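Sequences listed follow chains A and B, in order. If you count the first sequence from 1, position 36 lands on 36 in our numbering, and the numbers rise without skipping. If you count the second sequence from 1, position 164 lands on 164 in our numbering, and the numbers rise without skipping.
Bear in mind the hints are in silico, worked out from the structure with no lab data behind them. The structure displayed is predicted, hence computed values, not measured ones. Glycine included, each C-beta is placed from N, C-alpha and C at the ideal position. Among these hints, one or two may not hold up.
[Stated by the list, open to error] On the chain B side, residues computed to face chain A include the following (Cβ under 7 angstroms):
hint: 1; residue: S41
hint: 2; residue: Y45
hint: 3; residue: S48
hint: 4; residue: T56
hint: 5; residue: L59
hint: 6; residue: A82
hint: 7; residue: S153
hint: 8; residue: G189
hint: 9; residue: S193
hint: 10; residue: H215
hint: 11; residue: G235
hint: 12; residue: Q261
hint: 13; residue: S282
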Amino acid sequence: MPKKLLLVILLGLVLCGPAALADGDFYPGGPWGTRINSLPYTISAPGAYYLGGNLSYTGGNGITIASDHVTLDLMGYTITGPGIANNGIYMNGRKNVEIRNGTISGWECGIYEEGAAGVGHRIINVRVEGNKIRGMYLRGDGHLIKGCRATGGGNGLHIESAGAITGCQVNNSSNSGIIINLTGLISGNVVIGPGGAGTISGIYSGSTSLVLGNEVTDAPTGISCKDGPNNIIGNSVTANSGQIGITVSTTQPTLLDQNTVMGNGTHYQGITSGVTVVRNNAG
Amino acid sequence: MKRLLWLLALLGALLLSAAPVPAADGFFVVGGRPMVGTRISSLPYTISAPGYYYVTGNLSYSGGHGITVNSSNVTLDLMGFALTGPNASSSYCGVYIHNQNNVEVRNGTLTGWYMGVQEDGGGDNHRVIGIRAVGNRNGINLAGNSHLIKGCSAFPGSFGETMGLTINGTGTISGCIVRNFDYGIYIAGGTVSGNVVTNCYAYCIYAQNNTVISHNSVSSGVNGIKGNGGGSIIGNIVFVGSLGTGIDPSASASTPNLVDQNNVSGSGTHYGFGNENTRWGSNGG
Chain A
1 MPKKLLLVIL LGLVLCGPAA LADGDFYPGG PWGTRINSLP YTISAPGAYY
51 LGGNLSYTGG NGITIASDHV TLDLMGYTIT GPGIANNGIY MNGRKNVEIR
101 NGTISGWECG IYEEGAAGVG HRIINVRVEG NKIRGMYLRG DGHLIKGCRA
151 TGGGNGLHIE SAGAITGCQV NNSSNSGIII NLTGLISGNV VIGPGGAGTI
201 SGIYSGSTSL VLGNEVTDAP TGISCKDGPN NIIGNSVTAN SGQIGITVST
251 TQPTLLDQNT VMGNGTHYQG ITSGVTVVRN NAG
Chain B
1 MKRLLWLLAL LGALLLSAAP VPAADGFFVV GGRPMVGTRI SSLPYTISAP
51 GYYYVTGNLS YSGGHGITVN SSNVTLDLMG FALTGPNASS SYCGVYIHNQ
101 NNVEVRNGTL TGWYMGVQED GGGDNHRVIG IRAVGNRNGI NLAGNSHLIK
151 GCSAFPGSFG ETMGLTINGT GTISGCIVRN FDYGIYIAGG TVSGNVVTNC
201 YAYCIYAQNN TVISHNSVSS GVNGIKGNGG GSIIGNIVFV GSLGTGIDPS
251 ASASTPNLVD QNNVSGSGTH YGFGNENTRW GSNGG
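Just chain A, same shape as in the assembly (with noise of 0.2 angstroms):
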C-alpha cells in the first residue's frame, strides 16, 4: 500500500479519536436515554429522555411528565406552543424532575407544576421565553431554577416555597420576575423592567428569604420583601420615578445591607425602628 494512502488512513483514524472531555454535560458515544420524536409526549416512568430537534404543538400540553425521578434534557433546543394556551412542560404532584438546556416558547406557562405536593425539581439552562402568563411556576417545595432566562410574558420565575433562584436572568415580564413565597434563597440574579410604577415587583419574596447580590432595574418595586421577615443583603436597585427600590417588613425583623438604591424614584420604604436593622446601604 502506498505510502500517502497509508497516512490518510491514519490521519482519519486520528480525527476520528475519542471526543475530548469537556467541562459540564458531557455525553460519550453509545445509547443514552428515550428521544422525544414529536409532541404532545407523556413521560410515564423514571429515566432520561431528550429532544433531538426542535418541536412545536397547539392542542394541548407539549410534554406531560407522570412519573419522578426523571430527566429531561432539550439538548439546546425549542419547544414552541400555540402563544396563547397550554404548557410547555407540565407536571401535577411529582417528585424529582430535572429539566434542562433548551428553550420553551410560545406557551401560557413554559414550566408549570400545578401540585401543591410537587416536591425537589430543578430547572437548569433553560430559556423560557414569550409565554403568556408565566415563565416558570413551580408548586411545592424544594424546588430549585439556576442560570435560566425569562423573557415576555407575565410573571418570570415563580417558586412556591423553600427553594433557590440564582443566576438566572429576567428581562420585560409583563408581572413580577422573580418570585419565592416562603423560604428561599434569591442569589445573583439580574431583573429588568417592566417598567412603569405599581406593586409588580422585580423580586418578591413573602418570608424568610435571603435576598442576596441581585440587581434590578426599571420595576415599579424592585425588591419587596414587605409581607414577612427577610435579608436583604448586597443588591443594587435603580428605581426610576415613581418606583420604589426596596420595601421591607414595617412589623417582621428585616436586616438591610450593603445595599445600593438609585434613581430619581423612592430609594427605601417601610424601614422601621426597632424592626428594621439597617447597616450600610447607599442611595
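For chain A, the structure is supplied; the task is to place chain B on it using the hints.
Relative to chain A, chain B alone:
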C-alpha cells in the same frame, strides 16, 4: 487508480471526523468517535480501576450496595438516571466508597437506599455534584477530608430519617436543597453556604470546628443553626419553631463565634447565649 484510492481515503477521513449527529431512537452518538469510558449496565457493579464510568439507564438492586468504588481517581456519571435500592430500611448504599481518594459522583438520582452515597473510611477529596438523593434513610455521608457536596438535593422517604448531607471531616457544602431529616446538614469543619434547609427535626445545620456558615435560608422543625466548634455564622435567615433555637453559637470560650448579619424570626428562642468570646454584630430578630 492509486490517485483514486488516495482521494477516497482522504474523503473517508473527513466524513468520519464530522460533527455529532443524532442517531436512531435511544441513541445519542458522537459521530465517528468510539465510546469513552466504561458503561455500567447492571448492578451490583464494582469499580476497581481509575477512570470514567457512566450509566445509560435506570438500574436497581436489592441484595447489597449498588456501585462499590474500590479505586481512587474515579469519575462516576449517572447521566440523569436513577439507581434504586431495596428500601431506606436496608443497610445498603447506592454508591459505596471505602478509603479511596478523589472520587466524583454526579448527575443522577439515588433512591431507596440506607445511604445514597457513602465514604466510610479515611478517603479524601471526593466531589458529589448534582446528585438527587431522594427517599433514602440518609442522603450523602462522607468521612475523610476536603470533600465537596454541591448542587445536590436530599429528601428522605419519611420525616425524621437521620442525616441529609454529612461531611464527617472538612469540606464544603453549597447550593443544596435539603428537607425533612433529623440533621439536614452536618459538617465537622469547612464552609456551608447558599443552601436551603427546611423542616429538620433536630438541627437544620450543625457544624463543628471553625466552620463558616453563611447565607443559608433555614426554616426549622426544631433548631436552626448550631455552630458548635467556633467559626463564623454570617448572613443567614432562620425561621425557628416554638421548641428550638434559631442560631446557637458555641457555648465554649475556647471556640469563639462571629455572629453577624443574621435574621431570626418565629416563636422559638432566636439566639443562644454563646460564650464570652462570641462576637455579636448586627443581627435581626
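We went through each hint and held it up to the structure:
no.: 1; hint: S41; result: 10 angstroms, violated
no.: 2; hint: Y45; result: 16 angstroms, violated
no.: 3; hint: S48; result: 20 angstroms, violated
no.: 4; hint: T56; result: 5 angstroms, holds
no.: 5; hint: L59; result: 11 angstroms, violated
no.: 6; hint: A82; result: 4 angstroms, holds
no.: 7; hint: S153; result: 5 angstroms, holds
no.: 8; hint: G189; result: 23 angstroms, violated
no.: 9; hint: S193; result: 10 angstroms, violated
no.: 10; hint: H215; result: 6 angstroms, holds
no.: 11; hint: G235; result: 6 angstroms, holds
no.: 12; hint: Q261; result: 6 angstroms, holds
no.: 13; hint: S282; result: 5 angstroms, holds
The structure fails to meet hints 1, 2, 3, 5, 8 and 9 from the earlier list, while all remaining hints are met.
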